[in-house]
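Undergrad: Fit chain B to the given chain A structure using the hints.
Keeping their order, the protein sequence lines are chains A and B. Residues 1 to 110, numbered by the numbering used here, are exactly what the first sequence covers, in order. Residues 111 to 325, numbered by the numbering used here, are exactly what the second sequence covers, in order.
Source of the hints: derived by calculation from the structure; they are not laboratory data. Hints are supplied without guarantee of correctness; some may be wrong.
With a straight-line Cα cutoff of 30 angstroms, these simulated DSSO-like cross-link-like pairs (lysine-lysine) come out [unchecked claim]:
#  : chain 1 : residue 1 : chain 2 : residue 2
1  : A       : Lys-27    : A       : Lys-92
2  : B       : Lys-247   : A       : Lys-27
3  : A       : Lys-81    : B       : Lys-153
4  : B       : Lys-153   : A       : Lys-40
5  : B       : Lys-307   : B       : Lys-191
6  : A       : Lys-92    : A       : Lys-106
7  : A       : Lys-81    : A       : Lys-92
8  : B       : Lys-247   : A       : Lys-40
9  : A       : Lys-92    : B       : Lys-153
10 : A       : Lys-27    : B       : Lys-153
11 : A       : Lys-27    : A       : Lys-106
12 : A       : Lys-27    : A       : Lys-81
13 : B       : Lys-247   : A       : Lys-81
14 : B       : Lys-190   : B       : Lys-307
15 : B       : Lys-307   : A       : Lys-27
16 : A       : Lys-40    : A       : Lys-92
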Amino acid sequence: MRRHHDMGGMEAGPVDRAEHDYAPWEKRVDAILRLLSDPKRRILRVDELRRGIEDLGPGAYDELNYYERWIASISNLLIEKGVISIDELGRKMAEVEARHEAERAKGGRA
Amino acid sequence: MSDSHGHSHPHGQPHPFQPDIEDSALTHHQLLQLAVGELLMEKGIFTGDEFRRTLEDIDSRNPGDGARVVARAWVDAEFKKRLLADTAAAAAELGVDAGTIPIMTVENTPQIHNAIVCTLCSCYPRLLLGLPPDWYKSRAYRSRVVREPRAVLAEFGTTIPEDTEVRVHDSTAELRYMVLPMRPEGTEGMSEDELAKLVTRDCMVGVTLPDNPSN
Numbered sequence: 001m002r003r004h005h006d007m008g009g010m011e012a013g014p015v016d017r018a019e020h021d022y023a024p025w026e027k028r029v030d031a032i033l034r035l036l037s038d039p040k041r042r043i044l045r046v047d048e049l050r051r052g053i054e055d056l057g058p059g060a061y062d063e064l065n066y067y068e069r070w071i072a073s074i075s076n077l078l079i080e081k082g083v084i085s086i087d088e089l090g091r092k093m094a095e096v097e098a099r100h101e102a103e104r105a106k107g108g109r110a
Numbered sequence: 111m112s113d114s115h116g117h118s119h120p121h122g123q124p125h126p127f128q129p130d131i132e133d134s135a136l137t138h139h140q141l142l143q144l145a146v147g148e149l150l151m152e153k154g155i156f157t158g159d160e161f162r163r164t165l166e167d168i169d170s171r172n173p174g175d176g177a178r179v180v181a182r183a184w185v186d187a188e189f190k191k192r193l194l195a196d197t198a199a200a201a202a203e204l205g206v207d208a209g210t211i212p213i214m215t216v217e218n219t220p221q222i223h224n225a226i227v228c229t230l231c232s233c234y235p236r237l238l239l240g241l242p243p244d245w246y247k248s249r250a251y252r253s254r255v256v257r258e259p260r261a262v263l264a265e266f267g268t269t270i271p272e273d274t275e276v277r278v279h280d281s282t283a284e285l286r287y288m289v290l291p292m293r294p295e296g297t298e299g300m301s302e303d304e305l306a307k308l309v310t311r312d313c314m315v316g317v318t319l320p321d322n323p324s325n
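Chain A with its partners taken away, still in its complex shape (with noise of 0.2 angstroms):
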């Protein structure tokens, strides 16, 4: 069966030619990859990467942007490895988040 992501060859609309400047946090997506499936590290591979995107599923697939299913596909992937657990993730979130709305509210911006 044709998987979501193969769509070689399928019917589509024209080429939608205009070009965004990518975000620094879309760029630290893209170096959190290189590093990790650099030589000296090897913990994941670019057809990982992508058999992760793929298996976020239809609605994933066209619901989020290119680099948000990187980071998706990666964090399952460093999951699924035992690089990091579920829980610790859950708990950096929570301090990251935190930490940028008390750097908003001290910028009098909240």
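TA: Frame of chain A; chain B shown alone:
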């Protein structure tokens, strides 16, 4: 920072406004990125310095590297042979690190026009061309360019003669491609540096042709 952009956009239009990240709440995926990055550094998987240097390397890559390689191949037939045989080794001669994933250079001729795509995802010769443009990763490009390449190229304003074969190369995680365009006519007297300026990102993807100086 210089004012060179490393990307193309229609001039005369302002850049899209990019708000400071401190000004707004983080999205779920931005939080995920920051959390994963911090955890990996805390665990010593990579250092903050390695992370910063990787970001700098990403920013330093742009189609100018690929253009230098193409221009050298136009002026040096022996270099072109080496490029077609082993792209990374040839790029290294010019001080360009093309990375560890093999890249195959495909040569345009009067008989064959080449274009590249990654139908399954977004594999792209990033180390020679920088990060890919949005359309390269789009459903429309990935779906259609393998089925009706001439129609897709026409949307980029490119018409390939009917008697020229159009070949589309589908990249994978293990093999990427770069197009070696044909040297435009009327460029016989130009230097290698001048030639490199005619070589755009899109012509190394194969959706356009190099700028013709007589136009």
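Undergrad: Determine for every hint whether it applies to the structure shown.
TA: To see whether the hints hold, each was checked on the structure:
Taking the CA atoms of A:Lys-27 and A:Lys-92, the gap is about 20 angstroms. The hint holds against a cut of 30 angstroms. Of the supplied pair hints, the one linking B:Lys-247 and A:Lys-27 holds, its CA atoms being roughly 16 angstroms apart against a limit of 30 angstroms. A threshold of 30 angstroms between alpha carbons decides the hint, and for A:Lys-81 with B:Lys-153 the separation of about 14 angstroms falls inside it, so the pair holds. For the hint linking B:Lys-153 to A:Lys-40, the alpha-carbon distance of about 15 angstroms falls within 30 angstroms, and the restraint holds.
A distance of roughly 22 angstroms separates the Cα atoms of B:Lys-307 and B:Lys-191; the hinted pair therefore holds under the 30 angstroms criterion. The suggested pairing of A:Lys-92 with A:Lys-106 holds, with an alpha-carbon distance near 21 angstroms, which does not exceed 30 angstroms. Using a Cα cut-off of 30 angstroms, the hinted pair A:Lys-81 and A:Lys-92 holds, with the two alpha carbons roughly 18 angstroms apart. Taking the CA atoms of B:Lys-247 and A:Lys-40, the gap is near 28 angstroms; set against the 30 angstroms cutoff, the hint holds.
Taking the CA atoms of A:Lys-92 and B:Lys-153, the gap is near 13 angstroms; set against the 30 angstroms cutoff, the hint holds. Between A:Lys-27 and B:Lys-153 the CA atoms are separated by roughly 21 angstroms; this keeps the pair inside 30 angstroms, and the hint holds. Between A:Lys-27 and A:Lys-106 the CA atoms are separated by roughly 27 angstroms; this keeps the pair inside 30 angstroms, and the hint holds. This hinted pair checks out: A:Lys-27 and A:Lys-81 have alpha carbons roughly 24 angstroms apart, not beyond 30 angstroms.
Proximity of B:Lys-247 to A:Lys-81 is assessed by CA-CA distance (about 28 angstroms); at most 30 angstroms being required, the pair is judged to hold. Of the supplied pair hints, the one linking B:Lys-190 and B:Lys-307 holds, its CA atoms being roughly 18 angstroms apart against a limit of 30 angstroms. Taken as a hint, the B:Lys-307 and A:Lys-27 pair is honoured in the structure, with Cα atoms around 26 angstroms apart against an allowance of 30 angstroms. Between A:Lys-40 and A:Lys-92 the alpha-carbon distance is near 26 angstroms, which keeps this suggested pair within the 30 angstroms criterion.
Going through the hint list in order, the structure satisfies each hint without exception.
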